[in-house]
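Chemist: Chains as they are written, first to last, in this note's numbering: chain A, 20 to 134; chain B, 4 to 117.
Note that these hints are calculated values from the structure, not bench results.
Here the structure is a predicted model, which means the values were calculated and not measured.
Take the hints with a grain of salt, since some may be wrong.
Claimed, not checked - Straight-line Cα separation of at most 27 Å, DSS-like style, residue types lysine-lysine; simulated pairs:
1. K68(A) with K88(A)
2. K68(A) with K60(B)
3. K56(B) with K121(A)
Said to hold, decoys possible - DEER-style ranges, computed between Cβ atoms:
4. I102(A) with G66(B): 22 to 28 Å
5. S28(A) with D57(B): 16 to 22 Å
6. S28(A) with E30(B): 31 to 37 Å
7. K14(B) with Q131(A): 43 to 49 Å
Where is the CB? At the ideal position from N, CA and C, for every residue including glycine.
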Amino acid sequence: AQSVTQLDSQVPVFEEAPVELRCNYSSSVSVYLFWYVQYPNQGLQLLLKYLSGSTLVKGINGFEAEFNKSQTSFHLRKPSVHISDTAEYFCAVSFGSGNTGKLIFGQGTTLQVKP
Amino acid sequence: DAGITQSPRHKVTETGTPVTLRCHQTENHRYMYWYRQDPGHGLRLIHYSYGVKDTDKGEVSDGYSVSRSKTEDFLLTLESATSSQTSVYFCAISENRVSTDTQYFGPGTRLTVL
């Protein structure tokens, strides 16, 4: 079965420290990968997505993610976080090619940036 | 920001009452989706629409119905609300329904069923 797992439900980190939010998926077909961010009391906003090509993808607000096919992972990183990065982050995966468009979300990781 | 609004933004209702949530878009996107967000589950698809009067079920469709009479509006109805339907509901839109397409989300509706 196809699934997405975010390995950490909460990640506390101090301001200006680096952070990595982990995402693993399970699939026997090709995948397209997304990271969304949800600020408090708001909807989800796309941070970045991997479709093909370079495995290192850069997104908004200084975030980047690396697609690792052998480890079936798509971890999100930022070298130096700010208080304003406090939010919930969702990894999402779309499986297969063609007109499917089905998006499967991970459980979410809450990033808590402390001063 | 994509032009997506949801109404109401908050609602408290009682078990057994009908509830309708509205999603309105100004982007003229063909595809519209309803998700629910629950702690520990991420977002799960309830129903989606691929055009006016064209809808289909998602993974958690039991107890929900939808309608789309105009491109810009997608309604989610709980015919007889239950406490298990207490959740945050998000509407999303996309131009296409291919695996590479980005979905854009509304601000959400927090529904509490007492």
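Chemist: Please write out, lowest number first, the hints stated earlier that are contradicted by the structure.
Modeler: Violated hints (numbers, rising): 4, 5, 7; every other hint is consistent with the structure.
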